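Colleague: Here is how the chains run, residue by residue.
There are 2 protein chains.
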Amino acid sequence: MKEIMALSTQPYKGTRDFYPEDMRLRNYMFNKWREVCESFGYEEYDGPILEQLELYTAKTSEEIVNEQSYSFTDRGDRKVIMRPEMTPTVSRMVAGRRQQLGYPLRMYSIPNCFRYERPQKGRLREFWQLNADLFGVEGIEADVEIIQLADALMKSFGAKPDSYSIRINSRKYMEELLEAQGFSKSLAPKLIALMDKADKPGFNERVRSLEPAIQERFLEFSKAVQGENKFLVDIAETSSLLLTMKKLDEIGVKTEFDPKINRGFDYYTDIVFEVFDTDEENNRSMFGGGRYDGLVGMFGVEPVPTVGFGMGDVTLENFLKSNDLVPELKPTTDLAILLIGDVFADASKLASELRAQGINVSIDATDRKLDKKIKAADKQGVVNVLFVGETELKEGQYNLKNLQTGSDEKLDAASLVAKLKV
Amino acid sequence: MKEIMALSTQPYKGTRDFYPEDMRLRNYMFNKWREVCESFGYEEYDGPILEQLELYTAKTSEEIVNEQSYSFTDRGDRKVIMRPEMTPTVSRMVAGRRQQLGYPLRMYSIPNCFRYERPQKGRLREFWQLNADLFGVEGIEADVEIIQLADALMKSFGAKPDSYSIRINSRKYMEELLEAQGFSKSLAPKLIALMDKADKPGFNERVRSLEPAIQERFLEFSKAVQGENKFLVDIAETSSLLLTMKKLDEIGVKTEFDPKINRGFDYYTDIVFEVFDTDEENNRSMFGGGRYDGLVGMFGVEPVPTVGFGMGDVTLENFLKSNDLVPELKPTTDLAILLIGDVFADASKLASELRAQGINVSIDATDRKLDKKIKAADKQGVVNVLFVGETELKEGQYNLKNLQTGSDEKLDAASLVAKLKV
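Chains as they are written, first to last, in this note's numbering: chain A, 1 to 422; chain B, 1 to 422.
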């Protein structure tokens with residue numbers, strides 16, 4: 001006979017369980033995301049977690065598809081993938097209704113995404129990511145707005161101006177720069193991708209993959225570029241990079257030029273940016289985005305100029321915690337009614353009355369002693385408990401106890417509502 | 001050379017894209033779900049979409065795991081499954097913190113779930129499902145509350161009392177009934193599972209899988225049971241089924257005994273219920289649940305008595321539409337600012353002021369003619385547009401146009417806020 005083993009209570013590696021207290025923090029972050037995006041006129045959308053694999057092999061990061069994707073074959077022999085990011089999905093959706101949608105089109109979503117990575121700080125296999133995208137604007141007003149939105153999001157969480165920095169670059173500008181330095185145009189994508197890792201370990205070995213003739217020259221270029229901002233000085237006054245930075249400055253959003261910012265995804269075409277944590281012990285990129293004008297056009301429709309970014313929940317949560325920005329979060333339950341004796345039906349009616357007034361009410365109808373019931377409510381973080389027995393129901397007066405302050409008072413239903421609604 | 005084909009804009013079979021207008025309806029349903037659950041003291045939780053396969057092979061519907069699951073092997077050779085339902089996950093979570101959690105524990109979640117089915121009306125491969133569960137109460141007060149909650153949810157959407165019915169049964173009672181009719185105890189699970197399909201096509205063939213000696217007797221029994229409610233009359237006054245129905249009646253929730261309700265999942269132990277659409281053209285089960293006291297204990301901890309149910313988004317949406325219960329849903333964007341000339345920076349500041357007052361504002365900074373901009377805003381369903389050029393900014397007076405009524409008026413920023421905040 002097979003031995004019956006107890007099942008594990010652990011979630012699958014790299015994923016999280018969200019108990020009510022964890023969910024409160026997640027909802028706090030997601031609701032702020034929603035609030036700020038909607039204040040800029042972005043409308044929420046969503047797409048399926050499963051997509052056909054070809055959507056991702058077509059144009060995304062090769063590393064992600066080949067090494068980090070959750071892809072498999074379904075029971076109908078279709079190759080599918082659990083989305084590692086949202087951009088291909090939203091591009092597909094916009095292409096699917098290219099003509100019916102009104103532009104400028106602002107869309108946001110908070111999808112969960114999947115990447116098979118070694119779980120580590122800031123990286124999990126299942127994570128959520130705010131995606132905000134602005135479709136249909138060629139001009140830099142779109143780039144300006146999307147970076148302004150990223151900045152507004154940081155501020156909405158109470159982030160101090162010096163606790164993060166916004167670094168900006170342009171792939172177009174990098175192409176021009178490389179050409180001006182004598183590198184051939186065809187090499188540009190490869191060199192730009194290399195630049196993105198210029199301050200990461202293993203950079204020199206990566207450069208060795210170039211043909212020997214240009215290795216030294218490229219290393220010099222990358223060092224020079226990482227030095228001062230002299231390269232920015234060379235930019236024509238009319239370049240979109242400089243104009244974007246200027247307009248952002250005009251509306252109070254500070255950015256820094258950083259030629260190392262080039263983003264990992266292949267689809268970016270011009271402005272790219274990343275938001276950094278400036279804490280010396282935690283100095284790293286938290287999130288970013290940029291302009292990708294080519295994706296929608298891959299679906300056989302006229303291309304749509306697009307800017308957007310993605311902001312992950314794991315890095316944000318780390319930032320909030322290390323900057324002491326997580327507020328005290330209470331359960332949604334306002335009141336726990338603790339029954340004294342067999343008064344379930346009448347107490348249920350009282351609970352229904354309170355609910356109709358907008359009070360969230362639970363009932364403890366278990367057979368336990370009152371102090372056990374109080375302890376259980378306290379364990380859940382519920383602040384207010386109400387004692388309801390036959391006498392109380394007859395008199396219409398109930399004892400309310402605040403478990404945080406320990407205070408007691410006798411109230412009728414109306415005063416109770418008034419008190420809890422504050 | 002490989003020919004480059006345009007990618008398909010269709011979502012993966014059996015899944016849905018939620019464009020902003022679809023998302024509005026989904027958010028309407030989900031927010032009602034949240035509101036009603038929270039009013040009963042349920043706190044939101046969530047778990048990962050990917051679970052280890054063994055969690056599902058242990059105890060769920062065999063049909064689902066073997067024929068309908070999205071399961072595969074990950075890059076680390078772990079067998080995983082995209083959750084087909086939420087109950088095993090929430091049971092695992094509660095078991096994982098068996099001692100730290102306070103009881104009665106009320107939890108709800110709105111997970112998306114995956115089943116490989118032939119897409120058809122009311123059934124999709126990816127669907128969302130409200131899950132509400134009450135842990136730690138042995139008494140029927142829990143069964144009463146969970147059915148009351150199901151009823152409150154229906155009412156919150158405006159469902160008329162005669163548009164749905166709640167049918168109730170008890171697996172324990174069915175076991176007693178079968179034993180009283182002379183069926184051996186060991187046959188009960190199989191016969192109860194058969195009873196669940198008693199009014200479905202193919203029932204007679206299914207019965208043929210029983211040993212010949214009892215086929216006729218069981219057919220007779222199933223017919224008799226489907227007839228009048230005489231079996232209910234036989235129930236002892238103290239049975240949990242009768243007491244649950246009585247208490248529900250006392251607090252204004254009508255239920256009907258139906259011995260055919262037995263639920264597809266193996267884990268139910270006592271009371272089971274289903275909510276039916278009573279529309280003659282659409283008469284079918286919409287959702288249901290019941291008591292499952294054994295699941296938490298499978299994780300090597302002391303068992304926790306539990307009642308719960310799941311309510312799917314697809315069936316609910318069908319019900320709302322066929323009963324004409326979908327309200328008019330507007331975009332979250334309150335106002336589209338349409339620029340006249342190159343006033344982006346100043347208009348951005350005006351927009352920021354309005355946003356700070358709680359108004360959701362988009363900006364159209366494209367180069368197009370004004371009538372094109374108006375058309376685009378109208379396509380998105382935005383009701384109010386504001387014309388902002390140099391003159392308007394200088395005077396601090398702006399033309400507001402209501403695209404629904406066609407009315408125009410001139411307002412300063414403060415009156416604009418007052419008007420839009422109504």
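It should be emphasised that the hints constitute simulated quantities derived from the structure, not laboratory data.
All figures in this text were calculated on a predicted structure; none of them were measured in a lab.
Don't take every hint at face value.
Here are the computed lysine-lysine pairs in the PhoX-like style, where the Cα-Cα straight-line distance is at most 25 Å [to be verified]:
hint : chain 1 : residue 1 : chain 2 : residue 2
1    : B       : Lys13     : B       : Lys121
2    : B       : Lys32     : A       : Lys32
3    : B       : Lys32     : A       : Lys330
4    : B       : Lys155    : A       : Lys32
5    : B       : Lys200    : A       : Lys32
6    : A       : Lys32     : A       : Lys401
7    : B       : Lys349    : A       : Lys155
8    : B       : Lys121    : B       : Lys155
9    : B       : Lys330    : B       : Lys155
10   : B       : Lys13     : A       : Lys421
11   : A       : Lys246    : B       : Lys121
12   : B       : Lys349    : A       : Lys254
13   : A       : Lys321    : A       : Lys246
Here are the simulated distance ranges between beta carbons [to be verified]:
hint : chain 1 : residue 1 : chain 2 : residue 2 : range
14   : A       : Gly227    : B       : Glu353    : 38 to 44 Å
15   : A       : Gly202    : B       : Asp378    : 50 to 56 Å
16   : A       : Arg208    : B       : Glu21     : 28 to 34 Å
17   : B       : Ala236    : A       : Asn31     : 46 to 52 Å
18   : B       : Arg123    : A       : Thr57     : 28 to 34 Å
19   : A       : Gln397    : B       : Gly139    : 44 to 50 Å
Here a beta-carbon is modelled for each residue, glycine too, at the ideal position from N, C-alpha and C.
Colleague: Quick one, are Lys121/B and Lys155/B close enough, alpha carbons at most 25 Å?
Modeller: It holds: about 23 Å lies between the C-alpha atoms, which stays within 25 Å.
Colleague: Is it true that the CA of Lys32/B sits at most 25 Å from the CA of Lys32/A?
Modeller: Between Lys32/B and Lys32/A the Cα gap is close to 20 Å, so the pair holds against 25 Å.
Colleague: Honestly, do Gly202/A and Asp378/B meet the 50 to 56 Å range at C-beta?
Modeller: Holds, since Gly202/A and Asp378/B (Cβ atoms, about 53 Å apart) stay within the stated range.
Colleague: Taking 25 Å as the top limit, are the C-alpha atoms of Lys349/B and Lys155/A close enough?
Modeller: holds, 16 Å
Colleague: Is 46 to 52 Å right for how far apart the beta carbons of Ala236/B and Asn31/A are?
Modeller: Holds: the Cβ-Cβ distance is about 50 Å, inside 46 to 52 Å.
Colleague: Lying within 28 to 34 Å: is that true of the beta-carbon distance Arg208/A to Glu21/B?
Modeller: Because 53 Å falls outside the window, the suggested range is violated.
Colleague: Would you mind confirming whether the straight-line C-alpha gap from Lys349/B to Lys254/A stays at or under 25 Å?
Modeller: holds, 15 Å
Colleague: Are Lys155/B and Lys32/A close enough, with their CA atoms no more than 25 Å apart?
Modeller: violated, 30 Å
Colleague: Keeping to a limit of 25 Å between CA atoms, is the pair of Lys200/B and Lys32/A held or broken?
Modeller: violated, 48 Å
Colleague: Tell me if the straight-line CA distance from Lys13/B to Lys121/B falls inside 25 Å.
Modeller: holds, 14 Å
Colleague: Lys32/A and Lys401/A: Cα distance at most 25 Å?
Modeller: Distance of about 32 Å is beyond 25 Å: violated.
Colleague: For Lys32/B and Lys330/A, compute the direct alpha-carbon distance and say whether it is at most 25 Å.
Modeller: Judged against 25 Å, a Cα distance of about 20 Å means the pair holds.
Hints 4, 5, 6, 10, 11, 13, 16 and 19, counting from the list given before, are not met by this structure.
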